[in-house]
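Chemist: The chain contents come next:
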Amino acid sequence: MAQALAIDGRQDFITTKGRQISRLKCDDDSIAGAVSQRACVYCGARVVLNPITDAIHLVHGPIGCASYTWDIRGSLTSGADLYRNSFSTDLKERDIIFGGEKKLAAAIDELVAKYAPKLVFVYSTCIVGVIGDDLGAVAKAAASRHGIEVIPVQSSGFAGNKAAGYRAACDALFRLVAPGTAAEAAAVGKDRSINYLGDFNLAGEAWIIRDYLAQVGVDVNVVFTGDASYGELKRATRARLNIMQCAGSMAYLASRLEETYGIPYMRVSFLGLADTADSLRRIAAALGGGDMSRRAEELIARETAVVQPVIDSYRAKLAGKKAAVYVGGGFKAISLIKQFRELGIEVVMVGTQTGRKEEYETIDSLVADGTVILDDANPAELEKFMTEKGADLLVGGVKERPLAYKLGRAFIDHNHDRKHPLSGFAGAVNFAAEVYTTLCSPVWRQVKTGGDLSG
Amino acid sequence: MAELKAAKSVSENPCHMCMPIGGILPLKGVEGSMVLIHGSQGCSTYMRRTIAEHFNEPVDVASSALNEKGTVYGGGENLKQALDNIRRVYNPRLIGVLTTCLAETIGEDIERLAAEYLAERGLTDLVVVPVNTPGYGGSQADGYYLALRRIVAALAVPTSRHDKINIIAANVSPADLREIKRLLVAMDIEYTLLPDFADTLDRPYAEHYTRMAPGGTPLADIRAMTGAAATIELGMTVAPAISPGQLLADEYGVALHRLPIPIGVAATDLFLRTLREITGRKAPDDLLAERGRLLDAMIDSHKHNFAGRSAIFGEPEMVYAVTRTCLENGIWPTVVAAGGAGDAAVSLFKAALAESPEPSYFLSETDFAEIRFRSAAAGVNVAIGPSDGRYLTEKEGIPLVRLGFPILDRMGGQRILSVGYTGTANLLDRITNTLLDAKHHSYRSKLYEEFYKGRRLHMAPAQAR
Ligand code: SF4
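Which chain is which? The protein sequence lines are A and B, in order. FYI, in the working numbering the residues of the first sequence are 1 to 455. FYI, in the working numbering the residues of the second sequence are 1001 to 1465.
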């Protein structure tokens, strides 16, 4: 295997089920020269914070970084849409030499004058970390000048990988939710509601879950950060429980909220029928069971009755196919393995950009012998293992899609700018439908024939 | 013409990207080449995503993945390790090394590192082309031409004179590149087209996948560009210091003709006429028939087009070509925004826009907030440019004709054909039909409001009295 992989040092990032999973390396920097599918610290921070709808998201850095991330997520809003703009200090050569602090301060002033926001996030990029602009000081001065919150996000691109960006975002959020007044401090954990962490309201997914929970009798206080507003985030610490969907991005915040404010958290997943039902049950139980549990069962029965026959009809067409998974976080990979199983599809290759050790262990326990598990893969490896393992389909993001198609294989977008929800019962149907539309498209028949014209 | 420069401290919704992404494209148009971005991981990932989505093609671009250590102590080791790994996986014949903001700010000397690398590994047939593309140093258009110039500089060797013509292409689509080649073949002219990503970034489906896409300008052809009969560079807006054609002229005496991208009647005529001047070959009847068909199309739609007030934005060279095409058709360019255009380009635009009987705004350094504001105020009714222009549609209801790079929200960015007589007719149809669509969509309610409902309301109080 080592020789076929070609890239030195990559051997330890790949294993096959049946061998020792504890040897798998993860949470390490990408290897130079590998065509890694990963992004940077700034990207990690930006994707987590960006859905906050009424905040100014100001990128302190050169234009490119802001340009590539303008309206990058499919996060929907029920109110303000300030978050859908990309603001940049557009640093030029001169600013690199003389420092960009003045420009940053002026930029904040202009934006406050134009939009009167209550909250400004200032993201640092690679060069800001190098030239040493004091983001904290500029933000602090601007905050007191305007009487609003200006929060620096320490997200210099080179200081780790995307996971470090998640942490930087969580630091910013933790700071934001800190109770400011005595009354706020007294209200910590007193509310009956819960917070929902790690849903970014892609294609309205947080709304779907909020609705399920309302039917069970659970009030959602704040979603981090899908369709969240400044005012909502400020009252986050009142909740008595945090439920967490995307652990990769939110585990750090959840545990800090637990340590500091005694708000417990539990992991949930709303991807796939089984996970959705299981999560609803566990939430109801955690909040005291009784009526809530009864309503949860009713909801599950009602929705399943509608959705299961549809899924089964897809399953009949899809059973026996093989899938490959390459996604951002380990959590998503785990849910996908289960979801594919609901469709009768076995996962034969599974990898993530930023999965953690425990997640890889869970993955290993779920998949069949012989499945390839890999961390921080590159196109050459994806190509090799998809071909070797005979995957009919790949799940991934924008960059992986053309590769799958060029290999003549089906593809499922599981990226963050999607336009259809994949969460909950409704999402499970969408997922099954998408798997069907890609795997069973007649184009593959044309693709596999027709090469005999030249003879 | 009013000229505006945004003098703000903040860019609100950028309308250009950074230098290195521009550098990737020409490297993808050279046979057997790979690209390495020297900097932190994110830059290359963003650029890959943008390029992959525009072309719908796998775009393998490696990163030296500079981390904290590399940033403090220098990234030389990372860079060399990266080159090793690229060679193992892709076995390329040429590797372009593009810097990022980070690498430039910490002062990486990629020229020296590249030379060291080749010497240390004893490599004689691998070409490494270092290109300094700090993200803050210019826009993607600057990165595009600079990378081309460095490719030529790295490969050029003195060659005895031959009959081929060098064509240096602007950042046009693979379909456009194919059209340019078709025109040259139709005129029976031998050429070297650089870059040529007609196949590499629009690769046909094949049963067997190869990591390196077939196609691209052969290295031997690039080496021999020094002996060509002439160079035609599609780069009116390009500063001489980053022009590959200028380098061939200055150092090898190859006559340089700078032409606009052949979109529109005048620009396509000029392209063919210049080819004729250089080679003595005439355009065949087939091409003249295409010209006639374009004129026919222009007449067919001239009244509709005359109602057009356009906002044109994107890379300066494309914006220039489209501006002139709009002027030819009475689709008056009202807001023209060429992010990052230099001084020479600004005067070119001014001269072109002076032809317009209508007021126009030229924005050389700007963002979409400014373009939106100007467009709404000036009654623009059609936008022409890359995908980000959808913001104008969403906010102001101005429909967008997608053109240029990048197109991220529609299929087929790689197949948009706009050069030559046939391409121009395509482009015009797309613009005209967009105008017609808007008109047909609203004329019933508009006329009803104006001549029926409006009157009745107007008369109602009188009747009541
Ligand atoms: S602007 Fe600089 S740091 Fe940002 S993506 Fe471009 S090269 Fe990278």
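The set of hints was computed from the structure by calculation and includes no laboratory data. Please read all numbers here as calculations on a predicted model, not as lab measurements. Mixed in with the good hints there might be a few duds.
Lysine to aspartate or glutamate pairs mimicking DMTMM-like chemistry, simulated, CA-CA at most 25 Å apart [as the list claims (entries may be wrong)]:
1) 1395(B) x 110(A)
2) 389(A) x 1207(B)
3) 234(A) x 258(A)
4) 114(A) x 1343(B)
5) 1008(B) x 71(A)
6) 419(A) x 1394(B)
7) 1069(B) x 134(A)
8) 92(A) x 1109(B)
9) 1008(B) x 93(A)
10) 357(A) x 1068(B)
11) 1080(B) x 12(A)
12) 406(A) x 1409(B)
13) 1395(B) x 54(A)
14) 1282(B) x 1296(B)
15) 102(A) x 1365(B)
16) 322(A) x 1207(B)
17) 448(A) x 1207(B)
18) 1008(B) x 149(A)
19) 419(A) x 1396(B)
20) 92(A) x 1068(B)
21) 1008(B) x 110(A)
22) 92(A) x 1450(B)
23) 1395(B) x 29(A)
24) 92(A) x 1343(B)
25) 1069(B) x 29(A)
26) 384(A) x 1199(B)
27) 114(A) x 1365(B)
28) 1008(B) x 81(A)
29) 1395(B) x 417(A)
30) 406(A) x 1365(B)
31) 114(A) x 1394(B)
32) 25(A) x 1084(B)
33) 1303(B) x 1290(B)
Facing chain B, according to a computed beta carbon distance under 7 Å, are these residues of chain A, among others [as the list claims (entries may be wrong)]:
34) 7
35) 93
36) 252
37) 298
38) 301
39) 302
For each residue, glycine too, the CB sits at the ideal point set by N, CA and C.
Chemist: Flag every earlier hint the structure violates by its number, smallest first.
Modeler: 4, 22, 23, 30, 36, 37, 38 and 39
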